[in-house]
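S.K.: One letter stands for each residue in the lines below.
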Amino acid sequence: MKHLIDPLDLSVAEIDAMLNLADDIAAHPQKYAHACDGKKLATLFYEPSTRTRLSFETAMLNMGGSVMGFHSASTSSATKGESVADTIRVVSCFADVCAMRHPKEGAPRRAAHFSKIPVINAGDGGHQHPTQTLTDLMTIRSKRGRLDHLTIGLCGDLKFGRTVHSLIKSLARYTGIQFVLISPEELRVPSYILEEALTPNGIPYEETTDLEANLPRLDILYMTRVQKERFFNEADYVRLKDSYILTAEKLKAAKPNLYVLHPLPRVNEISMDVDDDPRAAYFDQVQNGVYVRQALILTLLGVKLPC
Amino acid sequence: MKHLIDPLDLSVAEIDAMLNLADDIAAHPQKYAHACDGKKLATLFYEPSTRTRLSFETAMLNMGGSVMGFHSASTSSATKGESVADTIRVVSCFADVCAMRHPKEGAPRRAAHFSKIPVINAGDGGHQHPTQTLTDLMTIRSKRGRLDHLTIGLCGDLKFGRTVHSLIKSLARYTGIQFVLISPEELRVPSYILEEALTPNGIPYEETTDLEANLPRLDILYMTRVQKERFFNEADYVRLKDSYILTAEKLKAAKPNLYVLHPLPRVNEISMDVDDDPRAAYFDQVQNGVYVRQALILTLLGVKLPC
Amino acid sequence: MKHLIDPLDLSVAEIDAMLNLADDIAAHPQKYAHACDGKKLATLFYEPSTRTRLSFETAMLNMGGSVMGFHSASTSSATKGESVADTIRVVSCFADVCAMRHPKEGAPRRAAHFSKIPVINAGDGGHQHPTQTLTDLMTIRSKRGRLDHLTIGLCGDLKFGRTVHSLIKSLARYTGIQFVLISPEELRVPSYILEEALTPNGIPYEETTDLEANLPRLDILYMTRVQKERFFNEADYVRLKDSYILTAEKLKAAKPNLYVLHPLPRVNEISMDVDDDPRAAYFDQVQNGVYVRQALILTLLGVKLPC
Chain G
600 MKHLIDPLDL SVAEIDAMLN LADDIAAHPQ KYAHACDGKK LATLFYEPST
650 RTRLSFETAM LNMGGSVMGF HSASTSSATK GESVADTIRV VSCFADVCAM
700 RHPKEGAPRR AAHFSKIPVI NAGDGGHQHP TQTLTDLMTI RSKRGRLDHL
750 TIGLCGDLKF GRTVHSLIKS LARYTGIQFV LISPEELRVP SYILEEALTP
800 NGIPYEETTD LEANLPRLDI LYMTRVQKER FFNEADYVRL KDSYILTAEK
850 LKAAKPNLYV LHPLPRVNEI SMDVDDDPRA AYFDQVQNGV YVRQALILTL
900 LGVKLPC
Chain E
600 MKHLIDPLDL SVAEIDAMLN LADDIAAHPQ KYAHACDGKK LATLFYEPST
650 RTRLSFETAM LNMGGSVMGF HSASTSSATK GESVADTIRV VSCFADVCAM
700 RHPKEGAPRR AAHFSKIPVI NAGDGGHQHP TQTLTDLMTI RSKRGRLDHL
750 TIGLCGDLKF GRTVHSLIKS LARYTGIQFV LISPEELRVP SYILEEALTP
800 NGIPYEETTD LEANLPRLDI LYMTRVQKER FFNEADYVRL KDSYILTAEK
850 LKAAKPNLYV LHPLPRVNEI SMDVDDDPRA AYFDQVQNGV YVRQALILTL
900 LGVKLPC
Chain S
600 MKHLIDPLDL SVAEIDAMLN LADDIAAHPQ KYAHACDGKK LATLFYEPST
650 RTRLSFETAM LNMGGSVMGF HSASTSSATK GESVADTIRV VSCFADVCAM
700 RHPKEGAPRR AAHFSKIPVI NAGDGGHQHP TQTLTDLMTI RSKRGRLDHL
750 TIGLCGDLKF GRTVHSLIKS LARYTGIQFV LISPEELRVP SYILEEALTP
800 NGIPYEETTD LEANLPRLDI LYMTRVQKER FFNEADYVRL KDSYILTAEK
850 LKAAKPNLYV LHPLPRVNEI SMDVDDDPRA AYFDQVQNGV YVRQALILTL
900 LGVKLPC
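Here the protein sequences line up with chains G, E and S, keeping their order. The letter at position 269 of the first sequence is residue 868 when you use the working numbering, and the numbering goes up by one with no holes. The letter at position 166 of the second sequence is residue 765 when you use the working numbering, and the numbering goes up by one with no holes. The letter at position 153 of the third sequence is residue 752 when you use the working numbering, and the numbering goes up by one with no holes.
Wrong hints could be hidden among the right ones.
Any copy, or any two copies together, can satisfy a pair, since identical chains are not distinguished.
No more than 25 Å apart at the CA atoms, straight line, and that leaves these computed lysine-lysine pairs for BS3-like [stated by the list, open to error]:
1) 630 with 903
2) 638 with 903
3) 703 with 715
4) 742 with 903
5) 742 with 715
6) 703 with 630
7) 758 with 903
8) 758 with 601
9) 630 with 715
10) 768 with 703
11) 703 with 827
Calculated from the structure, these hints are not laboratory results.
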């Protein structure tokens, strides 16, 4: 493996290995404190994403490496008309590994084609965001002890949310998974995803508009933000954004070992009174995101630790 | 102590200890060169302030730590509607200590409430800027050998200048202090500050519009910028901004051991011909600001150096 | 030497020494991996230039140092009206060496005048960009083994391109150099440069509009971008920008040991089908730029390595 562009670039076995490494990093952070001494990560963010960027930077700094890059296209050479192909060839002279966020789908894959260093897709348009998927998988596995035989609820904007699509495709490779897809009619999972990822693999799924009725049978509830920037008009946004708000009250009906995930940032789709519930796992996700990115950087750089 | 939000969060004894530590750092910088190895500072600047941000970053880098963060709200998740409470919980997974600059008063205190890591207020609106106050106190103490029994002149915009308000409140806790408050009528110190900080403690003060007449009796002259962004209309700004300009000529009438401070940036309120006068202490302030921030970070992180 | 503002600040002997050091860094990077431990570089970029900034940052990080700064004027104190003189005095308290990019000609020289730390001009308006010139010289020397007795073709925008002007002046100090200046009539080298740098030194040069006819006799072809921002009107830009495009087809007529340089970013003046030709040296330039900047930082800081 040289790059990580699509979550499905990784086999189930590779994901298991990655998550095992991430678990070890979480358990023994000091062991990895100098694993990347002298290495450099470039964070090429053509659109801002503070949380993702800082997570990558933390991952590298946690291992003794250093960081450089840009935070938005307005401060990058892109404004002078440079192609992604040229930028990555230039950055290949600077850094050892690169995380790229780009508003255009496919830009990180194109960059990877011309790069001399490993490229990590840190989100390309509405397309892929593989390190978020790894983060989600690590969180589910660490909370429930497994990635198979789980009833997974996905709630909110299932049409535009790229993290939802990637998670569906990734979990569809495990046995005994079933999905409950909770969304307004207008924001259902696109049919091509259901047809490609679920139907051929015989994965049971159910589409519903009702969060409360389905909450009691879920093992995992993955909430998503209704992203304003994905809507075509303001009226649709206002009408739909409050449709699915999780509260402490509603959560009373859920299993004691349900876990609530959210890719963050949230606006109001999870009430703050849920935050102190031990089933709230969304800030654990943030912490796991750092470990997973550490594991990924180590793997892509081929770093071997002395025993 | 867990956070530093308001300069008065620190007792006089705590300030003394902090300044003693800062003095030791200034005298023996190498002793602290690895005091924060492996530690990370997050600089969360919701509005730009290059000087303050770089001072914090220098402080951390001087002790072997590393730095991450954002420089303005436009490149942060704030644009996606994330609350300060969520942002700090996320950043708590990334960094060991955080410096927050925010245009809204109270934002750093709210962040501290939700944070798992120490939060330092790096300026919140027109409200508080405690590390500037520590810097000012260190500079006065190092130049004059004490923080008591001094006649302190404050000149310029005394109405909107938050550094002035914090300095008044902090110095009011020492004995033998008297203030000479030099400003245009329109920009006098707000009465609630005089009533809260000076009157009950019996601190003598005098309000005047005349810089030159009062210069000879001052031990410290604290100049401030007339900040354009604090004015409601352009005409007021133009009329008042040149009212109080300190020049080498005027300085002839001052004591030989007067020291001139300024929080910077200056525009033209101190003439450049003052810069080479040994009484000009405003660039010393910048250097002291780094030492004070090093001392603060060490204190908040609870770092103990081996003897 | 204290600062580097103009490429001609360096004597031919100093340039030789700098390039020798850069060659040694390229050959033995590990030898320099801790040469700047504990040192800090400030990158003060009043206008964005990602490639140049990241090259400086890489140079410092490669030697164990750390980096701070700002990426554009909008996030700097310049917006509060601070002068370059004050900014550099402040930054002198923070960093050990500084690289400044500024839209105004002369700003880095003025900063150097007030600085307590070495200032490197990282580009000032259309004026100077000395580290680009060092990069160009290193690339020519490493590819051709020498800087004298070469026929140098310069092609594209020779009027506004500051890298071209600096390169002409620098190469004019070596013996046996001749120039072929290939440009549209409207974008010829300004006459004062020819009169100052070439005529008095008896350097032969030829001005032509024809790239193809002159390609066969060149030892070096230095291509430049037709920078949109230098044009006064859009129509002129559109008419001229495609005038000089180098393609693999055209390159067939060139010498086998011709080398093609370009300061990057390119838009379309070098076709991508040239990239895999061994004579394409523009990405080598990027790598050399890092080594040259490492050599420069070491020299300005007076770092001596233990043998």
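S.K.: Each of the hints needs a verdict: does it hold here or not?
M.R.: Structure-based check of each hint:
{"no.": "1", "hint": "630 with 903", "result": "both (12 Å within a copy, 22 Å between copies)"}
{"no.": "2", "hint": "638 with 903", "result": "both (14 Å within a copy, 24 Å between copies)"}
{"no.": "3", "hint": "703 with 715", "result": "within (21 Å within a copy, 36 Å between copies)"}
{"no.": "4", "hint": "742 with 903", "result": "neither (28 Å within a copy, 36 Å between copies)"}
{"no.": "5", "hint": "742 with 715", "result": "between (37 Å within a copy, 21 Å between copies)"}
{"no.": "6", "hint": "703 with 630", "result": "neither (38 Å within a copy, 41 Å between copies)"}
{"no.": "7", "hint": "758 with 903", "result": "neither (41 Å within a copy, 52 Å between copies)"}
{"no.": "8", "hint": "758 with 601", "result": "neither (30 Å within a copy, 43 Å between copies)"}
{"no.": "9", "hint": "630 with 715", "result": "between (28 Å within a copy, 23 Å between copies)"}
{"no.": "10", "hint": "768 with 703", "result": "within (21 Å within a copy, 42 Å between copies)"}
{"no.": "11", "hint": "703 with 827", "result": "both (18 Å within a copy, 24 Å between copies)"}
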